[in-house]
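Can you make the complete structure from the sequences, with help from the hints?
Residue numbers (the numbering used here), protein chains in the order written: chain A, 1 to 410; chain B, 1 to 410; chain C, 1 to 410; chain D, 1 to 410.
Everything labelled a hint here was simulated from the structure, so no lab data went into it.
Among the hints, a few may not be true.
Identical copies carry no separate label here, and so any pair may be met within one copy or between two of them.
Claimed, not checked - Simulated pairs of lysine to aspartate or glutamate, EDC-like, Cα-Cα distance not exceeding 20 Å:
(1) K2 x D66
(2) K330 x E130
(3) K73 x D128
(4) K2 x D276
(5) K330 x E189
(6) K2 x E285
(7) K2 x D193
(8) K2 x E194
(9) K2 x D315
(10) K330 x E372
(11) K2 x D310
Computed from a predicted model, the values in this text were never measured in an experiment.
Protein chains: 4
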Amino acid sequence: MKTIKDSVHDHIRIDGVARDLLDTPAVQRLRNIRQLGTVSLVYPSANHTRFEHSLGVYHLACEALDHLNVEGKRAERVHAAALLHDVGHGPFSHNLEPITHRRTGRYHDDVHDLLADGAVGDVLREHDLEPSAVADLVAGEGRFGQLVSGELDVDRMDYLVRDAHHTGVPYGTIDHGRLVRELTFADGELVLDEGNVQTAESLLVARALMNPAVYSHSVARIGKAMLRRASERLLDSPETDVDAARLQRMDDHDLIAALRSCPETSEFSRRLDHRDLYKRAVWAEIDDVPGGIIEADHEALLEFEREIADDAGIDPECVILDVPSRPSMKESTTSVVVNGDIRRLEQQSPLVEALRASQYSQWRLGVYSPPEMRDQVGRSAVETLGLDIDGALVSEVRDGLDATLDQFVD
Amino acid sequence: MKTIKDSVHDHIRIDGVARDLLDTPAVQRLRNIRQLGTVSLVYPSANHTRFEHSLGVYHLACEALDHLNVEGKRAERVHAAALLHDVGHGPFSHNLEPITHRRTGRYHDDVHDLLADGAVGDVLREHDLEPSAVADLVAGEGRFGQLVSGELDVDRMDYLVRDAHHTGVPYGTIDHGRLVRELTFADGELVLDEGNVQTAESLLVARALMNPAVYSHSVARIGKAMLRRASERLLDSPETDVDAARLQRMDDHDLIAALRSCPETSEFSRRLDHRDLYKRAVWAEIDDVPGGIIEADHEALLEFEREIADDAGIDPECVILDVPSRPSMKESTTSVVVNGDIRRLEQQSPLVEALRASQYSQWRLGVYSPPEMRDQVGRSAVETLGLDIDGALVSEVRDGLDATLDQFVD
Amino acid sequence: MKTIKDSVHDHIRIDGVARDLLDTPAVQRLRNIRQLGTVSLVYPSANHTRFEHSLGVYHLACEALDHLNVEGKRAERVHAAALLHDVGHGPFSHNLEPITHRRTGRYHDDVHDLLADGAVGDVLREHDLEPSAVADLVAGEGRFGQLVSGELDVDRMDYLVRDAHHTGVPYGTIDHGRLVRELTFADGELVLDEGNVQTAESLLVARALMNPAVYSHSVARIGKAMLRRASERLLDSPETDVDAARLQRMDDHDLIAALRSCPETSEFSRRLDHRDLYKRAVWAEIDDVPGGIIEADHEALLEFEREIADDAGIDPECVILDVPSRPSMKESTTSVVVNGDIRRLEQQSPLVEALRASQYSQWRLGVYSPPEMRDQVGRSAVETLGLDIDGALVSEVRDGLDATLDQFVD
Amino acid sequence: MKTIKDSVHDHIRIDGVARDLLDTPAVQRLRNIRQLGTVSLVYPSANHTRFEHSLGVYHLACEALDHLNVEGKRAERVHAAALLHDVGHGPFSHNLEPITHRRTGRYHDDVHDLLADGAVGDVLREHDLEPSAVADLVAGEGRFGQLVSGELDVDRMDYLVRDAHHTGVPYGTIDHGRLVRELTFADGELVLDEGNVQTAESLLVARALMNPAVYSHSVARIGKAMLRRASERLLDSPETDVDAARLQRMDDHDLIAALRSCPETSEFSRRLDHRDLYKRAVWAEIDDVPGGIIEADHEALLEFEREIADDAGIDPECVILDVPSRPSMKESTTSVVVNGDIRRLEQQSPLVEALRASQYSQWRLGVYSPPEMRDQVGRSAVETLGLDIDGALVSEVRDGLDATLDQFVD
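Here's what the structure looks like:
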């Protein structure tokens, strides 16, 4: 039995298979991957890592299983999955996932190979656990997969509280103790027990409030977009032999060092290092953006970027088009027992629809460029993309928003 | 300059008129009035008082005025109003306000007499402040009255954070530092500056989540209903000469001692002291309650109580009917600047309507009685009040809810 | 299984005999006894009660027993003792203990009668627990009594953290999780396991720093001295029939109401209510006080008070002489395993001797009086008690100290 | 005016010269230097950086200057120095300072060149501040230099609280609000005002308790020793052209990448990455170590290492000798006003001497090696260094200590 001191859960006790997995290179590597990627450009204290988060998820999984009276191999399998659930992350966590997914076809929670190989596979087999069964749990499959990756998973419970603690933004402070203790199974489904509609709402609300303040803060998005652009250039550079699979296995140090030393990426790298970021040239609401733009594929977006640059008469490297996918809300299908029946939260709570509408109204398409080119890039983007904003408005809104949003930008 | 250590704001510096007001009996009296009344029957750590809350409100008012560059007499007047805003409270804060209001016609924020008299009046006049002007601010009147009592007042900012801290329920943890700094005046109105729709939402959400978990927790409501019943009996007792005006000036100690020693109230008092509370015989949703019941006046409700008891063949003292007023949501008209215009939050945020719907769905009519009489009281109440629930359902729901809701009931 | 939300330990789960004891009048009564008595005159947030503290002690006892693998009846007995350990407290906790002890011969931890009688005795016997065996544990007797009342008891672990949380003074913030987990038995003695000299020191230091800042703050001492004086007058008043045994069973409300209504105590009561306290006329270090004064018995001190008043030509009620006993340091004999041997902390840590010296240097004899009589009382006390301070110095030191110490005095 | 959200001080407002310095590469670079170096190998949440610490020091400096009524250029100079005080740090903060100092003759607080050059120099001169005057403050020179670097500097106040927050070890939680407000100047010296002996003691105690638990934790020391060894090899490697000056200007990413890619250091790097650390072969108390060893210079220690390896018949790379300098206690000369006189804390408080003795007793010489070579290395080291421990004892103590000390080792 080992005890680890954690800034969120205080003492975490770790034992059995988890104890042995802790010392594997795959888990230790998570020490060098920041949980929130470029969010630390906005909130300077947000330097926590996937390692401590993984310990926290393991801790909450243990508490949930204790409460559910699950023991033996079945519990150990979940312990392993909880600790290992993020080993598939590349550098800067989710920030580069679209790139690596596009090139490798794999998301971070597809860890069948990673768990079968090397020290992790050895440890699992020593404890009589089938790596593929653990990987299935990480992918959210099966009864207990819901606890690791699902609407009521302990992953979310840990990250909301941890991200709130480290950014200083209080909105994520949920009552995880209550959540974990109200979990139960009904018809094979993980649900919140009778009397917890509000408990489920609080989880949803925490996520909804953290989103614009932290996860999708405009400056974090700009940083992420620049990092992605740089990483694409790195992958395409003839000077290096980094491919997507190798990128995926890097940690933050590797990637930063590679970006600094590669000639095609050193300027982006310098900007990120010095926080000399691009600024918003356009920041458009969903209703002002043609549907075709939102649905456009990667190639089409690249083409738009080139056109905007072309039209503005500047280097294409000076335009980044950032189009998030349409808002979704996974938590809306959270199951809660109400008067003995299992209900989806969205059937039960008027908040779900409202938060979905909020998300919709907070969605923004961004076009970013060096500050001195904002005006021409903005005009050109509005025209190229067919945005429903007249030129004057663009810069006005932009400045107003900058004044406000930069407030928390260090 | 005096510094006071506070468990929420750490160090509170107090100076000028506030420093002198601190030592008046009217302010010191607030030490003996619990902030949340019978909520401590549910959350045993919730023993904080109106005194520390008043210091916190004063502290946030100072911060807001600093930020708004308000100085001199105008600022001092607000300082005084902030510190004095709760001196009108009777014992157990809001718990008994309906009784005292019914008999004196006065709410706790009508403090014109209290501020003109005695030591408080003397201190205010020594500092060249007109007591009636300060009382106006307490009542929310005038430009700066909005800061003391309004949709964006510092009162709410303090109590949400303080109640969260002392109950242990995290939902009230708002970012008061940001709220205070984003306040501004537009057209004479206190508003949140550009870019703060979400800041306003977070305040609304915190209030909405604290409500069922804390302020309207069923056990706190039962305790409050029993305390009210006991206080009515005390006022009507021939053994004492306590009238509503005197009740209003008591503190918690006075009232508890009076209830313990008065023969007509000693049994209620014993029950409250031993937490041997009545239980819910009925707990009905708003759609199942005839409109006439919700709108009924005090006399009509007393008549209903008597009828229920009569019908059940028991002592009327064993039935308490608890009908909250229809849900309202003061914060919905919070003003926020959006693209240069002042907007009401309800126009801007889909959350307002959803939270209103939530409140509506959380509304409950309660009928309480000693546990051993629940069945007959429940049946009789359903019939007498014309509730749309059949007898069987009543006890089923009741038990289910009890099991769940009593979880946090110590 | 019941879950209670606590502001310090978050969720406390309570089961078995403790669950049943919770609802007894003796335990519910603790809701109305402030943990720190008159300390709330200095730290306005310090309104926590013996009830929540008792829950906390129960919680830590459960954790410790889990860790020590103690189960069954033996564990239940300790659970009961932990929850009941403070039922013997009178109003204002320790504040009046010298009075009641002098008149009843009983300290607050002598609870054999209280546990045998009434609902508590019934519950204990229903759970097959012998009340006297539980009372022995409360008194610190036997192997597990050390856990309830001893150098390493969970009582201290809870109150240090809780008092820090509620006063806002950070010094008491110990690592109780580590302490509880490092407990072990060696030769039947409760000790800290190998490698914990520093853990033991941290407990000692926390206590030593909280002492002058909180527990012995001069204003808390003055309030306590006035409360004691008032309580003595209450006991001696011909107008009431309160005796020491009855005083001991009162709660804070009872005592405050009694002091307010009794003619002999109403003036002290008014002063305490309005925080219109006596001030220090003398504040003398231990080396400046003749040994005879420190060792003097209660009668002798009364005689000194009368003499000082007489000499100053004022009402004896205007002089209070406050002589603490010589400093002691219970924690110095904490046992720690060092290289396999059990050692007393004082043998092992140079801090013990230093903290003892600190305590010695912080010891103060106080003479208190209404502010306007301080000079004559001070002069008269120096002479009567034979203090080694010349008149001029008395008032100088006094004023300097007042300026400083009153800083945290609200 | 910019506002930055900080996990420790909540909102930090930054203005004037500090606002402009924030965007310089020298300050932004601090984002990539972990505050506690290899301590994160023990406490996985300890990933905070010199950047957020520098903001915190700036924040406390502003509060202290406000309190001291210092304004204008004099204040701005201190603001700049506070924000810039750590720009001289190399990767892993203090961890490599002995190496770079030995080779460049410069400590991290010698920043005259760094402040005169580049963007920092430009910003300072634009604000009419002399870079060398700011650098003098960083070096602790002059009246206000004491506030930036001295016994009562705001540097320590920030790091104690911040390190406690991020490690989860509560001992560093001082009352910085009180400390800052009690600062005053007496005879040109920064002192704590009357009545603050205990305040000064609390600072000293916090430092003394954090030391063994955090700063000198054995595993953090082993990690540091391995990092130093690797860095020495890097500097000496013919494969790279990194010299000490360049090392000093690296950040953590640069160094880690360099160590990973250099053939001479890749094995150490792998061990650090996988937390596959050396273990203690010897862990000797100060009284068991000949004075000559403690005073030995760098060359002599290298010679001892070689001898131990030779004697044990193993590769010299497998032995690391770690000899801390003799304990010192800077805070012992903290000045406090007592009865109007300035006194050194060590004259006034018996704790100083005790804490010094504690430090002395906690001092340890370490010899580290791969786990499988511990026995032979231990025996050989005892003999070579002339330590006063017999062979058997070495491994016994070692194992006991490991069991205990590894408890908090993740």
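Outcome of the hint check:
no.	hint	in the structure
1	K2 x D66	both (18 Å within a copy, 16 Å between copies)
2	K330 x E130	neither (29 Å within a copy, 55 Å between copies)
3	K73 x D128	within (8 Å within a copy, 37 Å between copies)
4	K2 x D276	between (43 Å within a copy, 16 Å between copies)
5	K330 x E189	within (16 Å within a copy, 39 Å between copies)
6	K2 x E285	neither (50 Å within a copy, 26 Å between copies)
7	K2 x D193	between (32 Å within a copy, 15 Å between copies)
8	K2 x E194	between (36 Å within a copy, 16 Å between copies)
9	K2 x D315	neither (55 Å within a copy, 32 Å between copies)
10	K330 x E372	neither (39 Å within a copy, 45 Å between copies)
11	K2 x D310	neither (60 Å within a copy, 36 Å between copies)
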